[in-house]
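Numbering-wise, the sequence shown is residues 169 to 285 according to the numbering used here.
Among the clues, some could well be false.
Stated by the list, open to error - The calculated lysine to aspartate or glutamate pairs, modelled on EDC-like cross-linking and capped at a C-alpha distance of 20 Å, are:
no. : residue 1 : residue 2
1   : Lys211    : Asp230
2   : Lys255    : Glu214
3   : Lys233    : Glu214
4   : Lys255    : Glu212
5   : Lys265    : Glu214
6   : Lys265    : Asp241
7   : Lys233    : Glu257
Stated by the list, open to error - Label pairs and their calculated CB-CB ranges:
no. : residue 1 : residue 2 : range
8   : Ser185    : Asp230    : 14 to 24 Å
9   : Ser231    : Glu273    : 14 to 24 Å
10  : Ser198    : Lys255    : 31 to 41 Å
Don't read these hints as lab results, they were simulated from the structure.
Even glycine gets a Cβ: it sits at the ideal position worked out from N, Cα and C.
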Amino acid sequence: QVQLVESGGGLVQPGGSLRLSCAGSGFTFSLAAMSWYRQAPGKERELVATITRGGGRTNYADSVKGRFTISRDDAKNTVYLQMNSLKPEDTAVYYCKAVRVLGFESWGQGTQVTVSS
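Work the whole structure out from these sequences, hints included.
Right, here's the structure in full:
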């Protein structure tokens, strides 16, 4: 059974940092492209960052470029999102997504990030 479990969310002050983790199981993690999405209250889910299998390429939403970094550790079946210089507008539920062979997609349950003083 494919499973993605996010962790690392929480409450942080503006300007602070958090590192999100997403652990995958039930599939060949190293062959999956991984992404982070977020959804704020009343807004549509939006793509935050992606990393290709093997980690050779990454892409970011303009709103997080220079502040967020996506990375992966295939030995640990885990993808990370390092978030620095956090802003109140980064407040959202953050989800990871795996795109596996043949295009099958799987989502995690999400982790809440709240940026507030």
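Hints and how they fare:
With a CA separation close to 17 Å, the supplied pair Lys211 and Asp230 stays within the 20 Å bound. Restraint check for Lys255 and Glu214: the C-alpha separation of about 16 Å stays at or below 20 Å, so the hint holds. Among the hinted pairs, Lys233 with Glu214 is consistent with the structure: their alpha-carbon atoms are about 14 Å apart, no more than 20 Å. Of the pairs offered as hints, the one joining Lys255 and Glu212 holds, with about 19 Å between alpha carbons and a cut-off of 20 Å not exceeded.
The hinted pair formed by Lys265 and Glu214 meets the criterion: a straight-line CA distance of about 12 Å does not exceed 20 Å. Under the criterion of a C-alpha separation no larger than 20 Å, the hint pairing Lys265 with Asp241 is consistent with the structure, at around 15 Å. For the proposed pair Lys233 and Glu257, the alpha carbon gap of about 14 Å is at most 20 Å, so the pair holds. Ser185 and Asp230 have their C-beta atoms about 20 Å apart, which keeps the hinted 14 to 24 Å range intact.
Remark: the range hint 14 to 24 Å for Ser231 to Glu273 is upheld by a beta-carbon distance near 23 Å. One distance hint, 31 to 41 Å for the beta-carbon pair Ser198 and Lys255, holds here, with the actual separation near 33 Å.
In terms of the numbered hints stated before, the structure departs from none.
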